[in-house]
Each structure stands twice: as structure tokens, then as C-alpha cells.
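Number of protein chains: 2
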Amino acid sequence: MEDVNLCGGSGSGGGKKKEVKKETGLGLSNKKDENFGDWYSEVVVKGDMMAYYDISGCYIFKPWSMAIWGIMKKFFDAEIEKMNVENCYFPMFVSSAVLQKEKDHIEGFAPEVAWVTKSGDTELEVPIAIRPTSETIMYPHFSKNIRGHRDLPYKLNQWCNVVRWETTNPTPFIRSREFLWQEGHTAFATKAEADEEVLEVLELYRRIYEDFLAIPVMKGKKSENEKFAGGLYTTSVEAFVPNTGRGVQGATSHCLGQNFAKMFDINFEDAKGEKGMVWQNSWAYSTRTIGVMVMVHGDDKGLVLPPKVASVQVIVIPVPYKDANVQDICDACSETAQELKKAGFRAKTDLRDNYSPGWKYSHWELKGVPLRIEIGPKDLDRNQVRVVRRDNGAKQDISRTNLADQIKDLLDNVQQSLFDAAKQKRDACIAVAKTWEEFTKALNERRMILAPWCDEEEVERDVKARTKGEMGACKTLCTPFDQPELPEGMLCFASGKPAKKWTYWGRSY
Amino acid sequence: MEDVNLCGGSGSGGGKKKEVKKETGLGLSNKKDENFGDWYSEVVVKGDMMAYYDISGCYIFKPWSMAIWGIMKKFFDAEIEKMNVENCYFPMFVSSAVLQKEKDHIEGFAPEVAWVTKSGDTELEVPIAIRPTSETIMYPHFSKNIRGHRDLPYKLNQWCNVVRWETTNPTPFIRSREFLWQEGHTAFATKAEADEEVLEVLELYRRIYEDFLAIPVMKGKKSENEKFAGGLYTTSVEAFVPNTGRGVQGATSHCLGQNFAKMFDINFEDAKGEKGMVWQNSWAYSTRTIGVMVMVHGDDKGLVLPPKVASVQVIVIPVPYKDANVQDICDACSETAQELKKAGFRAKTDLRDNYSPGWKYSHWELKGVPLRIEIGPKDLDRNQVRVVRRDNGAKQDISRTNLADQIKDLLDNVQQSLFDAAKQKRDACIAVAKTWEEFTKALNERRMILAPWCDEEEVERDVKARTKGEMGACKTLCTPFDQPELPEGMLCFASGKPAKKWTYWGRSY
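So the sequences go chain by chain: P and U.
The numbering of the first sequence is numbering that gives the first Met the number 0, which starts it at 0 and goes up by one.
The numbering of the second sequence is numbering that gives the first Met the number 0, which starts it at 0 and goes up by one.
Any given hint might turn out to be false.
Listed next, the in silico EDC-like pairs over lysine to aspartate or glutamate satisfying Cα-Cα at most 16 Å (straight line) [to be verified]:
1. P:K117 with U:E111
2. P:K347 with U:E85
3. U:K117 with P:E165
4. P:K226 with P:E106
5. P:K143 with U:D47
6. U:K117 with P:E111
7. U:K143 with U:D264
8. U:K100 with P:D53
9. P:K496 with P:E455
10. P:K117 with U:E165
11. U:K143 with P:D53
12. P:K347 with U:E165
13. P:K72 with U:D76
14. U:K117 with P:E122
15. P:K154 with P:E165
16. U:K73 with P:D76
17. P:K226 with P:D103
18. U:K143 with P:E455
19. P:K117 with U:E122
20. U:K347 with P:E80
21. U:K347 with P:D264
22. U:K274 with U:E165
23. U:K72 with U:D210
Computed Cβ-Cβ distance ranges for the label pairs, DEER-style [what the hints assert, rightly or not]:
24. U:P126 with P:K274: 43 to 49 Å
25. P:E334 with U:P126: 41 to 47 Å
26. U:K422 with P:S55: 51 to 57 Å
27. P:E202 with U:T121: 27 to 33 Å
28. P:R146 with U:S398: 38 to 44 Å
29. U:S55 with P:S55: 31 to 37 Å
30. P:K102 with U:D408: 14 to 20 Å
31. U:R465 with P:K102: 56 to 62 Å
If you are wondering where the hints come from, they were derived from the structure by calculation, not from laboratory data.
For glycine and all other residues, C-beta sits at the position ideal for the given N, C-alpha and C.
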């Protein structure tokens, strides 16, 4: 399989591949800080998140990761329903003519488009593309359905698969040829409404990363080079993977302006009977979220799942001794899990009799379950359980009276601790660079670099060219909304021209 | 658009296409009993269920139909979770070599497979197929993951799109090139367990049709000719569309036997350490369900949605008079909708001031909302509301005290009435035929025909050949589990050989 070891920029010269323990063994052969790429490839498989597939760049999403996707989907669906966004489903096929209507758009996506040219043994008269994104598929429909100002705002969303036939560096969850996402597409009478929604959705994406996945992100605006092909401007939440020193575009909320409206004739009559052209947005987050979560929180024992997205938040394991009444202990485990489920937690027992408690500990640690409850004879006697945190290994005996309240506090604490630890690590990787020397030094140290910039496209292209190397070029990640003061007379780190803003730069996925 | 009028077998010689009213008009131009095909094409569009797309055989699922899909999905997901089936997601691409592993299977699907041969401007080294179904995609993974008896049963499900490049008679929801479905794939140690699950899932499909969509179905077994390509046997729920006299395969639950297990090496070690081969099932229902619902319940005013699947069960409409206090009436409408929502119903107001109450009545009738509540000044005075049923137009004034209970009864009644009416119509179309003459007579009358059959594949092929005509050939629909007594000496209606069973025959979608 060509892409087992593919995650870029691993620590200690990834050339030499370590031997992976045979499948029945538990635990990881690779260490996160030593050979990150191998560690990631190993942890997503052994942690039961995905499996490799015989077509390069395509992966199998196993139930353990699909459950996380489902939990995020439930949150997001409820939130966009409040915004009056309706779910729909458009075909995944688009004709060549329609796909090419918006020139910048197709230029951006053309190299990655997969084409269907045959059905059975028959050549199709015209090749048909598989959606890399659905602007061109949906907007002819917008044109037909939007007539008057009362049809606005017009807000659709769909959950679907998309295909981008990437040829370099496929990485499970992070960069794959087929992935799952939601894509929202909306139209407004005014730019002000569109602008407002862009940020409203971006806030939902921040919540997915920070509140659910416990990953700190920066909100900001993408550069002209990095914005959505065909759009007016792109905002994003940007995450960072300290081990590789790479930024990750977490999710994007685009204002498309009126570019697509022009090409697809999306017009409306306003209240005074005058013709107007709509303002449009599109916004998406994908299964990439899951990969970022693994990269940020995982450790040498395996996955570490934030409680909010873990499909099993608490695993209850019996710890019988020879002379103990095994049945009583198992009953206590079942009761405990039942009690927690009743209280609204996702709890589960592992009562299998063909594995030792120790094996089970390792197994559920590998899978990243936030809390483990152990119940042995002593615990029964004392009406207590032992709770072990996955994130820091801390152990604590707690009483079975008001168990649910204590578990709630612990889960909240784990969630917050994961976020705090991730933020501390991320923040420690941020460097400020005011000169080219400072910049290249920070880049070599795998930092995320905040630098004063003249905001010229050519300068970004130049920085890319000058930093091209084994590890990939450096580019802008975003211009954060949270701007430090820009002292008067500050110059661009790269061009020496007057700086217009502080912008984050770095290598990225 | 080539396929606007495509639903087969309409009543009065569908050649002459009636002119459709301009889009702003309400109501349907076509009558269900006069020109069914045109009526269906019109009602799915005007009822806001779908929109046509510029690639033939591909359709846009609008929010009004996607909501129905979502409601069924929620039910089904909860049920299969109880059966310990886990959701996952496999790639939609499959290599030619893997697709062809099971010979009968590929023979069945080959003509409809869409092939990707290019990415960007680059020819792929090997063409890649888009899933028409996922047996061949999933089973190599089964082979890797199933080792011992403790890994069994192994139960996966996915919700996804599939592609079957049909070239004849595309019909919205019923027969399209891309559709949405769930596909369950399971493996067991024994045939008995597999057999049991086949029926357990079939019962869920019956509930979807009968309890949710209010459509009577027959449970039964498909003939050898009609079973799933590569499987051992196929069970199905079969619905019937009286207007066209066509059966519809509603959903299928297949026992695959060990055919795929052989081809994909899906083996396990049993408790005694002996090697065994798994028994497999696969089962699916699709967005076709929605089309069957439209065909069975719709009328000349538009859609008729069963309350259990309607995303709006009750629409509340103010009926102000000149001298009435409009605000009070609108407030009463909002309060009524709120009260119903609190009680768990899907209720909505239509307070738009630019449409008359009459227009709104027609609008929501077209969209099939089960109950309409009208509130006018008199209703306010009397603390009552007027309720109008979509299914039979019955009107009734009910008190606003304990409104929710009364609405519950009404919705239950509508749900049951729809089923009863559909069953009565369906039953009236069933004919028993013991001879070829009776059979052809019944077929000309567009019946679903129960006939004694020798159960020989060649005889079915022969019947198909002899009934080929403008309206399409007749084939077996299913051999119902509910078998009438087969008198001794009864002969096959077609071959004259001894009959082995009663089987349903008919034209079908």
C-alpha cells in the first residue's frame, strides 16, 4: 500500500520505517514526538478510526470515527436549523459546460476533478464531472427559484461526499480523494446580510473545534492567493499541529460576492420592483476535523478523544480477583454503566471473559475513551469505583453515591484540560517575525509565524518560492481578526514595503 | 428536458402532453386518473419534492422530500442500533478487479456501472467504478477484520449515494441514476442467524412502508431470476401502484449465503478452533420510498403526506376579515402552533400578508400537509379552531382547550385512513389467475396477479417474453410468505406443470 506512511514532516528523518507490531499486539510502535508521520498512520488504524483501502487516497471510515462525525453533525444540524437553513441533496454529477461557467472557480478545481466517461461498455457522449464542491451544481437551481425579495434569504445545506483527485500526500482524514462534508449555500439581498452570516457560521466552526474537539483555532481571513476560487473573500478557522509545525485549514466560510450570481443569473426583484443581484455565501467543514483531533490530542498510548465527541465517554471494566465473586462485580459494572446512561452519558461495559483487565485498559486507552471505571472486590466492599483519566492517567476512587455528578465534573474537566493543554502547546509555537531572518529562523523551528505584511499577492508568491524545500513551501494561513496593534512605520517582513496587517504564515496541510 | 414526462403506463394514451400552467399558478393541470405519468411529473415538482436537473436521470432532492428521508432515517437508525449494527462509510470507488470478483454479481450490475477514467487532464492508469452497491467494496475489509467466532456477528451499515446508470425510463425517486440509500452488510457464523436477520430487517422495511408511509406491502421471496445478483435468496416488501397497475420493489433484504465469503475469503475460527466460512446478508432501502408514497397517496390537489413522515403535520393559517383584529388572530395562530410544537407535533404558521387565505389553502394542500388549522374572528370569540383534513377534506371545529389531544387523535386517524384507503385500492387490484387466459385478461386490466407457478426460471423467462409489449413485460413480483392453500393437483398457469407455490406477477417499476 503506497500511502501507509504519508504524513509529511515527521520528526526524526522518517526515511527508516519502524517495524509495526503484529496486528494482535496492543500499543503503538511509533512515538508521536519521534516519528509523527508513522505514529499518525499507526494510531488511526490501531485506534479503530479508519482502515486503508486498495485505491490510494481513499479510506474506510470505521464506526469509531463515524460516531464522532455523527455527534458533530447533530450539533451543527440543530444550529443551522435555527438559522433557517434547510437540508437538501443535489446530484453529485455536473456537466462540463456548467462546471466551467465561473472561470476562476474551475481554474482552482480543474486539476483535481474526476471525470466519468463510460457507463457499462458505452462511452458517454459528454464526460461528466464528480462534484469537488457544489456551487456550479446548485446555482442554476438558485437562479430558477429566486424571483423576488420574499424568496430571500435562500439557505440550503447538504451533507454529502465530494471528490478531489489529489495526487500528492494523501493522509487519512486530512487529505483524501473522497471525503464527507456539509456544504451550506445561501443567497441574500444585501452584502451586509451575507457578511453577517459568514461570521455566524464561522463561529459555529469555532465551536466545533474549540468546544467539541478541544482544539484552539484562529479566526481570520485568507489572503487573495488562498481564498476560495471564484469567491469574494474567505474566512477560516485555522488549527495548528505542533509536532509537524504545520497549520491546518479547519473549515471555511466564504462570501462569494456576486461573481456566481452574475454567471448563473441569480437575480431578484426588490420591494420597489427594481432588479437586484443576490449576494452569496458558501461554507463547509469536513471529516478533516477528525484527523486534526487525532493529531492534536493523541499520544504514545493511542487516541485521546475529547468527551464531547467520544461515542463512549466512560468504559466500565470489572477487575475480579481469584477469590472474588465475579458475578457481583460484573453486575456492579452493568449497574454503573446503566446509571450513567440514564444520566445521559455514553457509557459501556467491557465484560469479555477472554481478556485480562490489563489488556482491556490498553485496548480502551488505544481507542481514546476519556474515562475508565474499574470495579474490583474492594471497590464493591467500599461502595466506590476507581476512575482513571485517559488524558493524564490520574486515578481517583469515588463513591457510588452521586456517581453521575462526579462523572460529569470529571468529563467537563477532561474536556477543558485537553483544550488548555492544546492551547498551551499551540501558543508556544507561535513566533513573531519582523524581518526575513527572524522569519526563516522561526520557520526552521516549525513555528506558526505572525508577521507584518504588505498584503500583496506577488509577495506571498515570492515567499512561497523562496521557502520551497523538502518540507514544502510556506504560505499565509490567515490574517487573524484579532489583530495586534500595527506600529506606524512597520515594514513588511518580506518585501520591506509598508505593512498593512499582521498575518499568520506557516507550512500547512 | 428529455425526461419531464416519463412515468410509464399512464391512463389515457400519454402521447399528447397537456400544457402545464405557468409556475406561479397553483394546482395541477394533470389528473391522477387520466394521465398518471404527467400527473406524477407535475406533482413532485409543484409539491416541492424535487427539481429536474440538466443531466438526465439525475434529480434534485428539495428540503420538502429530504425532511421525509430524514424522519425515516432517524427511525431506522435507532432500530438497527438496537440490533448492534454500526454505521460506517466506505469509499464510493472500486477497482475493476475487485468489482469483478463475484461473477454473477458483476454480470448483474455491469451494464449500469459508471466508470471514472480521468482526473483533470490525466487518464487514470486503471478505470475506477462508482459503487452501484457496496458488497465488493466492503468484503475485503470483512475478510481482514473477521478472524474468530468472537468477531461475529459483524454488522455494518452506511448511508450513502449510489450510481446506476440506467438508460430507460428515468423517473424521479423511483428510478434515477444517482439515489440515496442505506445499505446494511452483516456476517454470521451460522445460516440460521443470517436467515433470522433477513426477516428482522424485512420487518423494519414493512414498518417503514406500512407504519410510516401508510402503504400496504407484501412480504415475500423473489424468484431466482429476480434475486440479487450473486446472492443466495432475496426477500422484499412489494408495493403496488393501482393507477399504473405496476408493482414496485419497495426494499430488499438479501441472504448472500457464502458466495461472497468464498470469493473474498471471509473465514473464521470457531470455538473449537475449526475453520468456518461466514454467512452474509445485505439489505437496503432507498429514496424510492418517497416516490412510492407520492404515487400511492397523491391526488388531483397535490401531494398527500402521511402524518408520520410529514415535516409539517399541521399548518396554521389566519383568516382575518376586514373588521377583525388581525394581530389578535395572528397571535392566536402563533400560540396554537407553539402549543402543538410543545406537545411534540411538527406545526407551523403561515402568516404571510401577501397571500390570501384561499391561496394558502391551495399551497399547503399541494404540498400535502395532513392538517390545516384555520383561525378567524369567530373562532377567536368561541375559543375554537377549524381543522381541515388533507386526505378527505373533512372540516371540524374543535375547542382550543385540550387542543393537542384532539390533534393527536386526528393525525392518528389520518395516518390510519390513508393506509386503509391504500390497502382497499391495492386489494381491489389483486386478481387470482389459474390459467393463461385469466392471466392475460388480468394483466390487461393492470392487476397484480396471484398465480400458481411451477417455480422454474425458464417459465418466468417465457412469460416475460410472451408479455413483452408497449407497456413492458410481466414478471414475478414475489412469492408471498403468506401463502394461500395450494390445492393438490394445481397446475402452473403458464407451463401446465405441477404448481409449487402461489406467486405474485405483474408489470413493475
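Hint check results:
no. : hint                           : result
1   : P:K117 with U:E111             : holds, 10 Å
2   : P:K347 with U:E85              : holds, 15 Å
3   : U:K117 with P:E165             : holds, 12 Å
4   : P:K226 with P:E106             : holds, 13 Å
5   : P:K143 with U:D47              : holds, 13 Å
6   : U:K117 with P:E111             : holds, 10 Å
7   : U:K143 with U:D264             : holds, 9 Å
8   : U:K100 with P:D53              : holds, 14 Å
9   : P:K496 with P:E455             : holds, 10 Å
10  : P:K117 with U:E165             : holds, 12 Å
11  : U:K143 with P:D53              : holds, 13 Å
12  : P:K347 with U:E165             : violated, 45 Å
13  : P:K72 with U:D76               : holds, 15 Å
14  : U:K117 with P:E122             : holds, 13 Å
15  : P:K154 with P:E165             : violated, 30 Å
16  : U:K73 with P:D76               : holds, 13 Å
17  : P:K226 with P:D103             : holds, 11 Å
18  : U:K143 with P:E455             : violated, 52 Å
19  : P:K117 with U:E122             : holds, 13 Å
20  : U:K347 with P:E80              : holds, 14 Å
21  : U:K347 with P:D264             : violated, 32 Å
22  : U:K274 with U:E165             : violated, 41 Å
23  : U:K72 with U:D210              : holds, 14 Å
24  : U:P126 with P:K274: 43 to 49 Å : holds, 47 Å
25  : P:E334 with U:P126: 41 to 47 Å : violated, 56 Å
26  : U:K422 with P:S55: 51 to 57 Å  : holds, 52 Å
27  : P:E202 with U:T121: 27 to 33 Å : violated, 40 Å
28  : P:R146 with U:S398: 38 to 44 Å : holds, 41 Å
29  : U:S55 with P:S55: 31 to 37 Å   : holds, 32 Å
30  : P:K102 with U:D408: 14 to 20 Å : violated, 59 Å
31  : U:R465 with P:K102: 56 to 62 Å : holds, 57 Å
Hints 12, 15, 18, 21, 22, 25, 27, 30, counting from the list given before, are not met by this structure.
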